Amino acid sequence: MTYAAKNLTTGGRELIAFRVGGQEYCVNIMAVREIRGWTPATAMPHAPNYMLGVINLRGAVLPIIDFSARLGMKPAEPTVRHVIIVAQVKSQVVGLLVDAVSDILTVSDADIQPTPDIASDFERSFARGVLAVEGRMICLVELDSVFPQEEREAA
Amino acid sequence: MDMNEIKEIFFQECEEQLAELESGLLKLNDGDRDPETVNAVFRAVHSIKGGAGAFGLDDLVSFAHVFETTLDCVRSNRLEPNQDVLKVMLKSADVLADLTNAARDGGSVDEVRSRQLIKELEALANGELPQTAVAEPVAKQAPAATPVPAPAPAAAVNEEGFQPVAFSFDDFEASEPPAIEPTTFEVLFRPKSELYAKGNDATLLLRDLSRLGEMSIHCDMDELPALGSMNPEAAYFAWKISLKTDKGEDAIRSVFEFAEWDCELDVTLAGGDHAGAGDELPMQPVPFDLSLLDEEVPASTGAADDDEQLATQQRAVRDEAVSAAATASNVLQMAKAARTPAESTRSAASASAAQAAAQQAAASAATPTIRVDLDRVDRLINLVGELVINQAMLSQSVIENDTNGTSSINMGLEELQQLTREIQDSVMAIRAQPVKPVFQRMSRIVREIADMTGKSVRLVTEGENTEVDKTVIDKLAEPLTHMIRNAVDHGLETPEKRVAAGKNPEGTVRLTAKHRSGRIVIELADDGAGINREKVRQKAIDNDLIAADANLSDEEIDNLIFHAGFSTADKISDISGRGVGMDVVKRSIQALGGRINISSKPGQGSVFTMSLPLTLAVLDGMVVTVANQTLVVPLTAIVETLQPEASAIHSFGAAQRLISIRNSFCPLVDVGRILNFRAIQANPVEGVALLVESEGGGQRALMVDAIQGQRQVVIKSLEANYTHVPGIAAATILGDGRVALILDVDAIVGASRGHSLKPEMSLAAAG
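Line by line, the protein sequences are chains Z and L.
Counting from 1, one number per residue, gives the positions in the first sequence under UniProt numbering.
Counting from 1, one number per residue, gives the positions in the second sequence under UniProt numbering.
Check before you lean on any hint, since a few could be wrong.
The list that follows gives simulated cross-link-like pairs (lysine-lysine, BS3-like), each with its CA atoms no further than 30 Å apart [as the list claims (entries may be wrong)]:
no.	chain 1	residue 1	chain 2	residue 2
1	Z	K90	L	K475
2	L	K27	L	K119
3	L	K586	Z	K90
No lab work stands behind these hints, which were simulated from the structure alone.
The structure displayed is predicted, hence computed values, not measured ones.
Go ahead and model the full structure; you've got the sequences and the hints to work with.
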């Protein structure tokens with residue numbers, strides 16, 4: 001059972017919204033361990049382009065995913081203003097590089113609309129649904145699928 | 001402390017008792033008939049029974065009770081612990097372990113098996129099984145033992161639960177002084193430095209000894225240190241003397257009368273069971289060259305002043321060397337002679353075995369131990385790891401900010417560094433444990449598989465006291481179990497086939513552990529048929545692993561069995577072919593930072609060699625720069641470093657480059673290129689070459705841009721949050737807080753042989 005499925009049964013939940021390349025996304029707050037500033041990462045050999053590398057998180061090695069590049073958008077050029085969302089995905093802890101964290105939303109399941117038909121399979125694989133908040137559209141992200149399948153294999 | 005905690009302690013103790021039980025039974029199985037071993041086995045079962053009774057574990061109690069009853073028969077010499085009896089007992093020990101585990105974890109036990117064993121045990125206790133034959137030899141020996149001069153103390157000992165060993169003293173009486181026939185004695189003479197300090201001369205004593213009879217002598221120079229570390233006042237030599245004399249032991253001892261406090265002296269009877277056995281020994285004593293001694297010993301005894309004394313000692317050392325040289329030819333004969341008496345005098349051998357066991361017991365009793373939660377130790381190790389990183393950070397910032405090098409700060413830092421290292425070593429030592437428990441578990445697996453396959457197998461273990469980190473031990477059990485199953489099921493032939501091939505029907509599986517250059521090497525060897533290369537090759541072709549006309553070396557064919565889904569078994573048996581293949585073994589060894597190699601000889605068996613790191617926590621590394629990345633190369637892999645000169649670089653074909661080192665050519669590997677950090681090869685002349693040697697053999701020169709220094713690094717798992725990266729063994733955190741990757745030298749070398757790093761990743765992901 002994923003963290004999302006767990007919370008679906010309980011009704012209301014809190015989400016953290018963040019901005020990436022002018023768009024807004026959100027993830028379940030229960031999966032988020034901490035939010036921290038950008039520090040230079042150590043590059044990994046043979047890594048996909050969205051894998052920025054690894055950083056030291058109090059003694060643990062934390063892989064950083066460029067969320068923008070992961071969605072097939074323009075890769076981020078990390079600056080000190082970028083933030084890393086440290087999230088727990090199954091047994092692993094990963095960092096998600098985003099432009100900025102914008103909001104904490106409290107929503108009920110009824111507020112989550114199904115992902116519109118228009119999205120391609122690729123985008124749909126990340127999205128759990130969309131939210132309409134004050135005229136903005138925020139996409140609820142499935143963290144499990146942000147981290148690609150074969151990379152979790154070894155864990 | 002609540003009931004559960006007490007129970008937990010009981011189960012922990014049970015584990016120790018079970019280990020004791022198994023090792024005791026195995027000792028008995030190897031022919032050790034020491035009553036103390038039997039007692040230890042009995043005690044182990046007895047204490048499990050006692051504890052189990054207190055906790056109301058009825059199944060365990062009733063089984064232990066039957067087991068204990070049968071063991072008591074052995075203890076009181078009513079049942080001879082022969083191979084058949086021990087087979088039942090070893091199985092019973094397995095069931096006892098199962099019952100204990102079931103009592104703890106709530107699992108179930110194979111009841112049919114335990115009931116069957118209860119029956120067998122009871123039958124043994126009642127002397128019903130034909131092979132038991134109610135201990136005839138013991139019964140025969142017992143009356144022989146009774147007329148021994150001192151029966152009273154023996155009986156007293158008996159009441160305390162000890163068994164008298166049937167031991168005939170006739171041998172000794174016959175060889176005592178009045179004997180006319182010459183007897184061969186083994187004399188071990190090891191002078192202490194005091195002997196020389198008091199002006200005695202070993203050579204004179206040896207000369208006196210030689211007058212007693214025919215003598216051959218072997219100088220034991222094992223203690224002799226290198227010349228540089230030799231202390232001129234110390235005594236390093238010992239002599240093993242084989243003396244055939246009709247004068248008796250007292251005469252020998254009287255030679256050493258004046259020196260007995262200043263030397264170790266051991267006089268034993270070397271002959272067989274009766275006097276004159278020396279005649280039958282295959283040894284041919286070489287006459288001792290007396291003239292040599294006379295020549296070398298000027299009357300220098302009685303030296304008074306210090307200088308003279310020193311001179312005497314020096315001369316003594318020289319004399320020792322001379323006599324050693326004179327007797328070098330005797331060594332072989334001595335070795336032979338030493339073996340023969342050991343075989344012929346059973347009782348003497350078992351007596352010395354008992355002595356050794358007692359010493360061992362005393363040694364283990366002398367070091368008190370405590371039981372600690374592994375979590376606590378892990379926490380401590382993590383903290384020390386952080387301490388090491390912090391210390392490195394501190395050193396780095398001091399070096400960066402310190403302009404003139406304030407000596408007090410530097411000295412303090414140096415001391416801190418030393419202390420940190422010491423703390424780290426000590427903490428690591430806490431986790432270090434002998435591999436014995438895993439090896440012991442394997443003996444059970446061998447027994448079970450041997451039973452299932454109807455093969456007769458002997459497991460020989462060596463170096464089971466080799467220490468290695470607990471996590472390594474824990475993770476070793478699974479691949480080792482699988483390999484042992486394979487060795488017995490696939491490796492060894494059936495007894496009939498073995499006999500047909502002219503081999504001992506009983507197969508041998510040898511499990512060895514030893515330390516080698518900072519790693520632990522575990523070897524699993526069987527004397528079976530070896531890998532059937534034709535079959536492996538055919539299978540690989542069938543599975544599209546290799547082309548039908550592929551030209552593979554024997555080694556390459558052997559290594560094919562590590563591929564996923566590869567099994568040479570014709571049919572899937574209960575033992576193997578459960579979908580777990582050697583590929584899983586290889587992967588779990590690799591996950592431990594280890595490597596595995598096979599060497600196989602048709603008809604003679606296969607050897608699997610695993611090389612594993614001693615600890616998963618720290619390693620000594622060389623910090624290098626490659627394409628602006630900081631990498632760590634394990635120091636154990638590096639043979640030497642060199643600055644390549646343009647004249648030493650040779651191009652080979654389109655892309656290969658070789659470097660000539662002392663007239664041999666070694667392939668150059670650009671680390672930055674192979675890890676995909678840069679698109680084109682760097683100019684070797686601008687970098688540094690690290691000459692590395694891989695486990696699979698073969699040297700490579702790894703090209704890096706620069707060397708930053710040597711450092712002990714704390715290994716951080718990459719897999720925990722990321723994934724296995726080909727070519728990278730793990731990660732670490734440097735002084736500046738950044739992550740650096742630790743190079744997997746063997747993978748890099750493997751990759752440079754033409755297999756790219758990439759496909760292996762997809763293979764691993766697919767499997």
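Going through the hints against the structure:
Under the criterion of a C-alpha separation no larger than 30 Å, the hint pairing K90/Z with K475/L is consistent with the structure, at around 23 Å. Taking the CA atoms of K27/L and K119/L, the gap is about 24 Å. The hint holds against a cut of 30 Å. Of the supplied pair hints, the one linking K586/L and K90/Z holds, its CA atoms being roughly 26 Å apart against a limit of 30 Å.
In summary, this structure violates none of the numbered hints.
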